[in-house]
Amino acid sequence: MKVYTKTGDKGTTALIGGTRVAKNNVRLEAYGGVDELNSHLGMIRSYPIAAEHVEQLIEIQNVLFVVGANLATDTTVSNMQKKLPCTDEDVAFLERAIDKMDEELPPLQYFVLPGGRPEVSACHIARTVCRRVERRIIDMSEEIEVEDAIVRYVNRLSDYLFVLGRKLAKDCGLEEVKWVPRS
Numbered sequence: 001m002k003v004y005t006k007t008g009d010k011g012t013t014a015l016i017g018g019t020r021v022a023k024n025n026v027r028l029e030a031y032g033g034v035d036e037l038n039s040h041l042g043m044i045r046s047y048p049i050a051a052e053h054v055e056q057l058i059e060i061q062n063v064l065f066v067v068g069a070n071l072a073t074d075t076t077v078s079n080m081q082k083k084l085p086c087t088d089e090d091v092a093f094l095e096r097a098i099d100k101m102d103e104e105l106p107p108l109q110y111f112v113l114p115g116g117r118p119e120v121s122a123c124h125i126a127r128t129v130c131r132r133v134e135r136r137i138i139d140m141s142e143e144i145e146v147e148d149a150i151v152r153y154v155n156r157l158s159d160y161l162f163v164l165g166r167k168l169a170k171d172c173g174l175e176e177v178k179w180v181p182r183s
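Quick note on UniProt numbering: the sequence shown kicks off at 1 and runs consecutively.
In case anyone wonders, no lab produced these hints; they're calculated from the structure.
For each residue, glycine too, the CB sits at the ideal point set by N, CA and C.
Certain hints may be false.
So the derived label-pair ranges between C-beta atoms look like this [to be verified]: (1) L113 with V151: 24 to 34 Å; (2) S183 with V54: 35 to 45 Å; (3) A50 with G11: 37 to 47 Å; (4) L105 with T76: 41 to 51 Å; (5) A14 with L113: 37 to 47 Å; (6) F65 with R131: 18 to 28 Å; (7) K178 with A14: 45 to 55 Å; (8) A14 with D171: 39 to 49 Å; (9) A14 with P107: 40 to 50 Å; (10) D102 with R152: 10 to 20 Å; (11) R135 with T87: 16 to 26 Å; (12) K178 with Y47: 16 to 26 Å; (13) A51 with E95: 19 to 29 Å; (14) E175 with T76: 51 to 61 Å.
Kindly produce the complete structure, drawing on both the sequences and the hints.
See the structure below:
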């Protein structure tokens with residue numbers, strides 16, 4: 001099988017189920033963003049971080065493939081969404097991971113400036129991409145039904161990435177830089 005098919009050379013692509021849509025369709029913005037986010041998570045895994053976080057990120061990346069497949073499915077011609085659901089348990093997985101990391105962190109009493117080390121910065125970049133993806137999924141949901149669990153999952157994932165950035169900063173002894181508004 002060749003990587004290129006030439007079927008998209010005129011600006012269209014096929015959804016799961018075969019329906020062709022324009023490459024700037026709201027669905028593609030949504031699941032293309034999920035793909036971009038997944039790549040950022042792969043970047044975070046490339047840093048020297050604890051095995052526990054690597055395992056969590058792999059689990060999350062697998063769920064993001066499910067989310068992308070759901071967003072890319074034309075439910076009028078395919079039942080792929082029923083075969084690969086994003087579930088409340090997927091959301092609970094993120095919540096448990098957040099709670100566990102949060103137990104080891106000082107209470108957040110101020111806004112934190114992103115940065116300090118590459119792995120921490122990568123978490124903050126992924127968090128902002130995740131927020132954009134969430135907005136594109138909401139855009140899509142105004143035209144096409146999107147499972148509630150997907151919206152909750154992506155929302156919780158941005159929280160996870162924020163807390164992961166804080167945890168990685170703490171693990172490497174990096175002091176968080178708080179945002180101080182100008183007076």
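Going through the earlier hints one by one, which of them does the structure break, listed in rising order? Nothing - there is no hint that the structure violates, so all of them hold.
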